[in-house]
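K.L.:
One-letter residues, chain by chain:
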Amino acid sequence: MNEIAHEQEVVAARGVKVAFGAVRALDGADLVIRAGECVGLVGHNGAGKSTIVNVINGGLTPHEGTISYGGEVAQGITASRAHGVRCVFQELSLCPNLTVAENARVMHSDLTGTGWRKQALALVKQQLSDIFPGHTIDCESVVEDLTIAERQMVEIAISFGAVADRPRLVILDEPTSSLDAGLAGQLMAYVRRFVEAGGSVLLISHILGEILSTSNRIVVMKDGKVVADKPASQFQTRSLVEAMGSVVREQGSDRTARVRTGDAVLSKQLNPRSDSRLEAYAGEIVGLAGLGGHGQTEALLEIYLSANGNWWPTREPKMAFVAGDRGLNGTFSLWSILKNLSVSSLKALSSRSMISDGREAEVGDRWRKRIEIRTPDMDNPILSLSGGNQQKVLFARALVTTSKIVLMDDPMRGVDIGTKQEVYEILRSEASAGRTFIWYSTEMDEIRLCDRVYVFRDGAIAAELVGEEITEANVLAASFAGGVAV
Amino acid sequence: MKLSSGAIRLVIPAASLAVLLAAVFYMQPRAMSYTGLNLLFNLAVPIALATIAQMLIMSVNDLDLSMGTFVSFTACVTATFLQSSPAIGILILAGAIAAYAALGVIIHVRQLPSIVVTLGMSFVWGGLAVLLLPSPGGAAPGWVRWIMTAKPPLVPVAIVASVIIAASTHLLVMRSSLGVLIRGVGGNQRSVERAGWSIVWLRAAAYAMAGFFAVLAGIALVGLTTSADANIALRYTLLSIAGVILGGGEFVGGRVSPIGAVIGALTLTLAGSFLSFMRISPDWQIGAQGAILIVVLALRLFLNRLEKREKNR
Amino acid sequence: ETADKRIALSNNYAGNSWRQAMLTSWDKITKEAVNEGTVAAADAFTTAENQATEQAAQIQNLILQGYDAIVVNAASPTALNGAIKEACDAGIVVVSFDGIVTEPCAWRIAVDFKAMGESQIEYLAKKMPEGGNLLEIRGLAGVSVDDEIHAGIQAGVEKNPQFKIVGSVNGDWAQDVAQRAVAGILPSLPEIAAVVTQGGDGYGAAQAFAAANRPMPTIVMGNREDELRWWKEQKDANGYETMSVSIAPGVSTLAFWVAQQILDGKDVKKDLTVPFLRIDQENLEANLESTEKGGVANVEYSLEDAQKVIGADM
Amino acid sequence: MSAVRNLGSRPWIWSFAAAAIVWVATVWFTGGSSAFGLSQATLTFAAFSIIVGVGQMFVITLGPGNIDLSVPATMTLSGTLALKVMDVQDGMILVGLLVAVLVGVAIGIGNYALIKLLRIPPIIATLSMSFIVQSFAIWTNRGLRIKPPEMLSSFATSYSFGIPNVALIALLISTVAWVLLEKSIYGRWISAIGQSSFAARMAGIPVDGTRFVTYVLCAVLAALCGYLLASFSGGAALNMGAEYLLMSIAVVVIGGTAVAGGNSNVPGIWGASLFMFLVVSMLNTYGFGAGVRLILTGLIIIAVILAAGGRKAVR
Ligand SMILES: Nc1ncnc2c1ncn2[C@@H]1O[C@H](COP(=O)(O)OP(=O)(O)OP(=O)(O)O)[C@@H](O)[C@H]1O
Ligand SMILES: Nc1ncnc2c1ncn2[C@@H]1O[C@H](COP(=O)(O)OP(=O)(O)OP(=O)(O)O)[C@@H](O)[C@H]1O
Ligand SMILES: O[C@@H]1[C@@H](O)[C@H](O)OC[C@H]1O
Ligand SMILES: [Mg+2]
Ligand SMILES: [Mg+2]
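Residue numbers (my numbering), protein chains in the order written: chain X, 3 to 488; chain H, 120 to 432; chain S, 60 to 373; chain Y, 15 to 329.
Honestly, the hints are just simulated from the structure, not real lab data.
It is possible that part of the hints are untrue.
To be verified - Examples of chain Y residues lying across from chain H (beta carbon under 7 angstroms, computed):
#	residue
1	Q103
2	M106
3	L108
4	S142
5	I146
6	I152
7	T154
8	V267
9	A304
10	G305
11	L308
12	I309
13	T311
14	G312
15	I315
Every value quoted in this text rests on a predicted model; they were computed, and no experiment measured them.
Glycine included, every Cβ here is placed at the ideal spot set by N, Cα and C.
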């Protein structure tokens with residue numbers, strides 16, 4: 003690396019490794035961003051994009067590898083901010099209880115003095131009309147009163163705004179996920195202007211069109227590694243999708259077309275505005291596909307909550323749920339593995355409401371062998387398990403029940419290939435025994451395992467694919483609004 | 120016109136205060152006078168200060184169960200040391216504020232539930248107060264008594280004080296940088312942290328400010344009662360929580376309103392008077408206090424519904 | 060003439076039988092007075108919690124409601140002074156009793172609590188000249204009545220050094236609290252000759268002694284019916300001897316008449332003393348007879364009784 | 015691995031250790047002569063804190079913010095009403111018990127109705143409820159002390175095999191509570207709700223039903239304690255529950271139940287209740303006054319919570 007390159011470098015991350023428990027979020031990734039360029043970053047869900055953003059931003063310390071700002075190796079939020087790095091995070095990170103101007107105060111520590119409020123207001127107003135000319139946001143209102151799109155716009159404006167030093171690098175992690183096409187276009191135009199004026203932007207998006215049209219260089223990540231890094235001009239939509247997609251393994255052959263029998267075991271209208279219904283038949287594996295955050299989890303929650311009472315215990319629960327977000331709605335962290343496994347089927351394991359230790363242990367043993375939970379003792383705390391193994395326990399929890407329908411909320415996050423294959427096997431055998439699975443997944447491989455797939459976009463069903471129609475191309479095409487012609 | 124959620128949050132407290140006041144005026148026209156207003160509201164002044172203190176703690180998503188005993192303790196200090204040897208008195212009160220800041224640090228660093236820590240502290244403050252004044256007594260320092268019994272022209276001191284408290288804490292909590300950051304911690308701690316601020320420091324600051332206002336509450340209380348006892352303000356713990364909630368504040372999320380809190384304190388005080396104007400049978404006087412608490416808090420449900428409807432428009 | 064005058068009772072606490080008896084007496088006597096047209100109204104107000112601040116607010120409301128006199132049983136002798144002063148300034152007659160206030164503009168109907176404490180030791184000194192170990196049960200910490208009775212007991216012990224206080228607990232004037240506290244300290248105490256108390260706690264102490272199988276000491280009682288009845292049972296069974304002393308809840312009615320007399324233009328001294336109500340071995344049965352089941356031995360005052368008290372003190 | 019498991023059950027050890035230390039310190043003061051008497055008295059009075067503590071523990075296990083401040087008023091009302099109904103007749107003992115239980119059920123239903131229907135935070139809902147209940151108690155009996163039936167009162171104050179009967183009842187209740195917590199479906203459910211009520215819902219647990227039952231259970235135990243305490247101390251008094259407000263919370267917290275919910279601990283309540291009685295006895299024995307006693311109590315609570323530590327961050 004020569005001197006000039008160093009001078010032009012705004013940020014460089016080299017050989018970065020980050021692991022969350024068993025999940026290798028970053029596995030030796032390199033990312034260099036130079037002055038005056040817009041780098042597009044793409045990759046499948048869970049590829050590690052947000053993680054590398056957090057590393058560059060100083061919020062995460064990598065276990066291996068170096069971060070340098072302008073050629074100078076440094077660490078931490080303060081260092082990165084001092085070098086002009088600003089970040090718009092994937093999940094909204096404004097304080098909802100504060101006004102727009104007050105949020106600017108939180109983000110810009112150099113907004114001091116008695117007149118800060120006026121200054122902040124002017125700053126945000128100026129920046130908003132620069133980026134989104136014609137916007138109608140009231141900058142004195144509280145953030146929670148704004149729509150999702152307005153909040154996104156505000157956060158972007160605050161990040162591009164400058165009090166003393168102009169930001170040198172602005173990271174946009176899926177900034178257009180809640181903006182309509184017009185606003186997204188305005189933002190992309192502004193990004194180009196900002197880059198022309200010498201600034202840098204790291205743009206993360208699943209909307210390949212804007213990546214291709216806005217960035218100078220595109221970096222593709224997969225499983226925590228950078229698998230391609232080329233000028234944007236060398237990519238087409240198709241080649242980009244190919245670079246992102248995981249290896250297509252020989253499979254799909256064992257999927258035998260199922261014969262629908264009888265009435266639907268489930269039929270639900272999800273959105274009052276559209277009349278498309280989500281239906282499922284006995285023994286079917288129904289997939290929910292589409293980009294993350296387009297209403298699949300909400301659909302599953304709605305189906306589940308409307309079927310399960312909150313006051314009376316149900317003797318025979320109709321549905322079981324497998325959580326994807328383990329920390330939020332899956333594991334009971336104070337409990338043993340066994341208790342976590344049995345919690346949904348206690349009725350069957352007890353006589354006169356008293357849990358039979360023997361029967362519980364027996365079921366635990368059976369499932370430990372069946373799905374190979376790697377632990378010496380089912381009485382160990384659930385947190386002693388690796389993430390993948392915790393996920394297996396959540397699976398077993400649902401399968402132990404007698405429920406006819408199992409809802410799965412992208413449950414394979416952080417599960418390794420071997421385990422996945424085991425779980426797929428179990429799914430197939432349970433389905434042929436008559437159970438119905440409704441499976442939200444962000445992984446194409448898994449979607450291809452389904453008998454029928456609903457593709458979601460903007461909280462509604464955008465397409466229904468059956469049998470041989472379930473291909474990556476078709477799913478992608480249905481996922482992108484007005485998007486990419488594949 | 121679209122109302123902001125902050126404004127809606129103030130509407131119901133202000134409206135219920137107005138309704139209550141109208142009812143009191145109707146039942147007792149002589150309350151509608153300079154002395155009348157002062158009599159109705161002067162004991163709300165220390166409650167308002169304590170409510171502001173509780174509100175500061177709640178703005179970082181914590182809760183203080185020792186507010187009542189702490190105010191009792193500061194009242195005892197005011198009636199004894201602050202009166203007889205002001206320098207030592209000020210030192211003790213400053214130490215008490217520092218203790219509050221330290222509590223904030225401990226609660227944050229050790230990730231302890233504020234409820235238990237402050238429950239423990241309520242015994243400690245209570246014990247210190249009993250040691251200080253084993254039986255009721257002491258005397259208000261002259262200047263405190265002078266302030267609390269001042270007779271400003273036109274508007275009684277109780278109203279003047281309430282307005283000053285509301286205005287100054289509004290400036291401090293809603294307008295100043297520090298206030299913004301503290302409320303930011305309640306709203307989204309992670310993003311405040313990501314912007315490079317120290318959460319420990321901010322929590323300590325919130326607690327210290329709470330301690331400061333609680334000290335003021337103790338001083339103001341002694342100014343009205345002229346002396347103190349170890350149990351003088353025990354009910355302030357629950358009053359202050361109810362006052363914050365009544366004024367549109369919430370237990371979590373950094374959604375607080377100093378003006379609302381002061382209105383809440385005034386409303387609670389007035390609710391008590393309202394009951395005594397109602398001539399309820401002595402058997403049910405205590406129960407009526409519970410009932411009015413329920414009615415007023417049930418308004419919150421109504422408020423939330425209204426706010427949601429406003430948002431969904 | 061007081062036919063158009065309105066009197067209010069401001070009461071800080073209603074949570075024990077003494078206070079309930081006090082309110083009942085007030086109700087009974089004032090209702091008659093209102094019916095006879097002696098006064099226009101006599102309303103009772105009790106605060107939800109035993110708190111000086113709440114009572115101060117209550118008194119300020121009573122001022123606003125235009126009462127001509129306020130009779131106060133105060134949560135604190137000093138913390139209400141601000142509100143009491145406001146009442147006086149508004150031309151309202153303030154009469155305090157039981158829990159009296161120090162504000163000079165108010166009248167005080169005081170029981171000499173210190174003398175009450177001292178009288179217990181004097182009785183014991185006569186009964187057991189050789190002296191012995193005492194257990195003291197105190198009232199509610201931080202309240203002045205507790206401090207005064209305690210001071211009287213201490214003074215008595217100083218005068219009679221053959222007695223020694225070997226243990227002291229807070230019984231909060233409640234049987235169950237006293238029982239709990241005594242039971243806890245009893246195992247570590249030597250032989251106890253007598254228990255000195257503040258009222259409302261004697262029966263609890265007796266139960267604690269019985270439960271611990273300790274010889275029953277002389278327990279000074281506090282006029283509650285359960286205490287008197289227990290004493291009577293012991294007296295019948297084994298000739299148990301003691302005395303009982305407390306302030307009569309009916310003192311509220313005396314305070315009422317005093318207020319009425321002041322409104323009537325009578326000249327009344329600011330400080331009146333009422334005797335405490337003492338029950339001895341001889342008049343135990345008579346007093347037990349006249350005490351309501353579960354209540355407190357009581358003396359209610361008529362206008363004439365009140366005039367006598369006022370006159371005697373002149 | 016077993017070390018990891020022991021970590022979870024360790025907090026209650028301290029309450030027992032503290033109780034033992036204080037016991038020794040008190041007995042030592044008298045050269046050992048008070049050992050038996052002190053132990054009996056401690057068991058007797060700890061029994062009442064244990065009974066209300068167990069109820070409060072169930073509620074606190076439900077997770078942050080769950081607490082029942084109506085315990086004292088419930089005790090007062092159930093004691094007052096039950097003794098009034100029994101009216102000193104031995105034949106009415108069971109009817110009185112039934113009345114007490116019904117009082118508990120009614121108050122529990124009222125509490126949860128306020129919490130659920132009016133969305134009032136539990137801390138304020140149960141406090142408001144307690145004011146109303148207290149007024150009801152005043153209205154029913156105006157504070158007159160009615161004696162308990164002879165048989166009941168002699169049962170409450172005597173011993174079996176040298177152990178106070180009330181302590182045996184507390185033992186029975188604790189055993190049932192322990193079985194409920196450790197062995198029953200209900201116990202699993204409240205623990206799950208306390209750890210994450212959303213996850214519990216997604217695991218198929220009827221969250222509202224379970225919370226409702228828990229508030230009723232707490233009120234019923236408080237009512238039962240009121241019934242026993244009134245029988246034990248020779249009559250109900252209007253302020254008889256006052257001590258048990260902070261006590262019921264303190265024994266739960268000191269006993270090692272997580273305030274953040276999900277993790278409860280029956281043995282710890284025994285340790286803490288014994289300790290709370292003994293510490294007052296010790297300070298009385300050593301002649302400390304009320305002020306020092308309060309300060310020490312507070313410092314001990316903070317010390318125990320500091321030692322037990324906050325809920326450790328989970329991955
Ligand atoms: N705090 C965390 N704890 C555990 N695992 C985590 C954490 N953060 C991220 N991961 C895991 O690390 C991997 C990379 O996640 P990351 O958020 O970087 O993906 P991404 O490429 O941004 O995906 P998306 O397109 O869905 O935003 C994922 O498997 C994720 O589950
Ligand atoms: N906190 C812990 N306490 C005790 N044991 C632990 C702890 N964390 C992990 N272990 C043990 O170490 C083993 C290895 O953990 P690791 O997270 O690397 O699993 P892994 O082999 O990657 O599993 P998987 O492939 O299913 O994710 C686990 O099986 C577990 O038994
Ligand atoms: O007011 C006091 C009363 O509450 C207590 O019970 O007995 C003594 C009285 O002075
Ligand atoms: Mg792994
Ligand atoms: Mg991401």
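K.L.:
Evaluate each hint against the coordinates.
P.N.:
Evaluated hints:
{"no.": "1", "hint": "Q103", "verdict": "violated (27 angstroms)"}
{"no.": "2", "hint": "M106", "verdict": "violated (25 angstroms)"}
{"no.": "3", "hint": "L108", "verdict": "violated (29 angstroms)"}
{"no.": "4", "hint": "S142", "verdict": "holds (4 angstroms)"}
{"no.": "5", "hint": "I146", "verdict": "holds (4 angstroms)"}
{"no.": "6", "hint": "I152", "verdict": "holds (5 angstroms)"}
{"no.": "7", "hint": "T154", "verdict": "violated (9 angstroms)"}
{"no.": "8", "hint": "V267", "verdict": "holds (5 angstroms)"}
{"no.": "9", "hint": "A304", "verdict": "holds (5 angstroms)"}
{"no.": "10", "hint": "G305", "verdict": "holds (4 angstroms)"}
{"no.": "11", "hint": "L308", "verdict": "holds (3 angstroms)"}
{"no.": "12", "hint": "I309", "verdict": "holds (3 angstroms)"}
{"no.": "13", "hint": "T311", "verdict": "holds (5 angstroms)"}
{"no.": "14", "hint": "G312", "verdict": "holds (3 angstroms)"}
{"no.": "15", "hint": "I315", "verdict": "holds (4 angstroms)"}
The structure fails to meet hints 1, 2, 3 and 7 from the earlier list, while all remaining hints are met.
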